[in-house]
Amino acid sequence: DQQVKQNSPSLSVQEGRISILNCDYTNSMFDYFLWYKKYPAEGPTFLISISSIKDKNEDGRFTVFLNKSAKHLSLHIVPSQPGDSAVYFCAASGVDSSYKLIFGSGTRLLVRP
Amino acid sequence: EAGVAQSPRYKIIEKRQSVAFWCNPISGHATLYWYQQILGQGPKLLIQFQNNGVVDDSQLPKDRFSAERLKGVDSTLKIQPAKLEDSAVYLCASSLAGASTYNEQFFGPGTRLTVL
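Line by line, the protein sequences give chains H and G.
Heads up, the first sequence is in the working numbering, so the first residue is 358 and it goes up one at a time.
Heads up, the second sequence is in the working numbering, so the first residue is 4 and it goes up one at a time.
Misleading hints may appear alongside valid ones.
[What the hints assert, rightly or not] In silico DSS-like cross-links for lysine-lysine, where the CA-CA straight-line distance does not exceed 27 Å:
{"no.": "1", "chain 1": "H", "residue 1": "K457", "chain 2": "G", "residue 2": "K74"}
{"no.": "2", "chain 1": "G", "residue 1": "K74", "chain 2": "G", "residue 2": "K18"}
{"no.": "3", "chain 1": "H", "residue 1": "K428", "chain 2": "H", "residue 2": "K457"}
{"no.": "4", "chain 1": "H", "residue 1": "K362", "chain 2": "G", "residue 2": "K47"}
{"no.": "5", "chain 1": "G", "residue 1": "K65", "chain 2": "H", "residue 2": "K394"}
{"no.": "6", "chain 1": "G", "residue 1": "K81", "chain 2": "H", "residue 2": "K425"}
{"no.": "7", "chain 1": "G", "residue 1": "K47", "chain 2": "H", "residue 2": "K428"}
{"no.": "8", "chain 1": "G", "residue 1": "K14", "chain 2": "G", "residue 2": "K81"}
{"no.": "9", "chain 1": "G", "residue 1": "K74", "chain 2": "H", "residue 2": "K394"}
{"no.": "10", "chain 1": "G", "residue 1": "K18", "chain 2": "H", "residue 2": "K457"}
{"no.": "11", "chain 1": "H", "residue 1": "K425", "chain 2": "G", "residue 2": "K47"}
{"no.": "12", "chain 1": "H", "residue 1": "K362", "chain 2": "H", "residue 2": "K425"}
{"no.": "13", "chain 1": "H", "residue 1": "K457", "chain 2": "G", "residue 2": "K47"}
{"no.": "14", "chain 1": "H", "residue 1": "K428", "chain 2": "H", "residue 2": "K411"}
[What the hints assert, rightly or not] A few chain H residues facing chain G, derived, Cβ under 8 Å:
{"no.": "15", "residue": "I377"}
{"no.": "16", "residue": "N379"}
{"no.": "17", "residue": "P397"}
{"no.": "18", "residue": "A398"}
{"no.": "19", "residue": "P401"}
{"no.": "20", "residue": "T402"}
{"no.": "21", "residue": "F419"}
{"no.": "22", "residue": "F422"}
{"no.": "23", "residue": "F446"}
{"no.": "24", "residue": "D453"}
{"no.": "25", "residue": "S455"}
{"no.": "26", "residue": "Y456"}
{"no.": "27", "residue": "F460"}
{"no.": "28", "residue": "G463"}
None of these hints come from the bench; they were simulated from the model.
From a predicted model like this one, the values you see are computed outputs, not experimental measurements.
Idealized CB from N, CA, C, for every residue including glycine.
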């Protein structure tokens, strides 16, 4: 039972363009969402988060949008840079899961120079 | 500030052998997590400690996996005996706050285990 889904295993974008990574969840009790970025042979690093009381959170080139009615969130990277090439994991958390992070399967982003 | 340290970085063993992984969290972090990440999947929580007590081990296969966190600092995760399906990256993470709220988790580089 996958509660957090990232349906696109990979995404390729030209440098300078927008990257949009998508994530869907099934548990309506999730109320905190995070994006992690992972380079090869390294652990995931926190990128950006959003609480369910908001529908948008921005940090520099990174913006996360949350659509609670659709149980969908997305990460926008503008402009995309080659250094953004990595695997991006969406994660969700909530009080009914004891604040455990439930991760999606990840999307591999390639930013072409 | 030093990050989460893990060792070894790579381990290859035969099935039915035993293996142990070590984790040193960021200094002062109360909560420590062990995750299993199978190729093509996201990290899955195995066990969560707050200080030296277990908060959640509901997804730990207790017939073969064990973990401890002595003195509320370092932690070890053991598999005995290993099965082929245990091949994965084992990630350790730590967070400053306790387990009753949202808090950023800092991950170590992981140990890649291959079971032959």
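To see whether the hints hold, each was checked on the structure:
{"no.": "1", "hint": "K457(H) <-> K74(G)", "result": "23 Å, holds"}
{"no.": "2", "hint": "K74(G) <-> K18(G)", "result": "31 Å, violated"}
{"no.": "3", "hint": "K428(H) <-> K457(H)", "result": "18 Å, holds"}
{"no.": "4", "hint": "K362(H) <-> K47(G)", "result": "13 Å, holds"}
{"no.": "5", "hint": "K65(G) <-> K394(H)", "result": "30 Å, violated"}
{"no.": "6", "hint": "K81(G) <-> K425(H)", "result": "40 Å, violated"}
{"no.": "7", "hint": "K47(G) <-> K428(H)", "result": "21 Å, holds"}
{"no.": "8", "hint": "K14(G) <-> K81(G)", "result": "13 Å, holds"}
{"no.": "9", "hint": "K74(G) <-> K394(H)", "result": "31 Å, violated"}
{"no.": "10", "hint": "K18(G) <-> K457(H)", "result": "30 Å, violated"}
{"no.": "11", "hint": "K425(H) <-> K47(G)", "result": "24 Å, holds"}
{"no.": "12", "hint": "K362(H) <-> K425(H)", "result": "15 Å, holds"}
{"no.": "13", "hint": "K457(H) <-> K47(G)", "result": "10 Å, holds"}
{"no.": "14", "hint": "K428(H) <-> K411(H)", "result": "13 Å, holds"}
{"no.": "15", "hint": "I377", "result": "19 Å, violated"}
{"no.": "16", "hint": "N379", "result": "15 Å, violated"}
{"no.": "17", "hint": "P397", "result": "10 Å, violated"}
{"no.": "18", "hint": "A398", "result": "7 Å, holds"}
{"no.": "19", "hint": "P401", "result": "5 Å, holds"}
{"no.": "20", "hint": "T402", "result": "7 Å, holds"}
{"no.": "21", "hint": "F419", "result": "15 Å, violated"}
{"no.": "22", "hint": "F422", "result": "19 Å, violated"}
{"no.": "23", "hint": "F446", "result": "5 Å, holds"}
{"no.": "24", "hint": "D453", "result": "13 Å, violated"}
{"no.": "25", "hint": "S455", "result": "6 Å, holds"}
{"no.": "26", "hint": "Y456", "result": "6 Å, holds"}
{"no.": "27", "hint": "F460", "result": "3 Å, holds"}
{"no.": "28", "hint": "G463", "result": "6 Å, holds"}
In the structure shown, a violation is registered for the earlier hints numbered 2, 5, 6, 9, 10, 15, 16, 17, 21, 22, 24, in ascending order.
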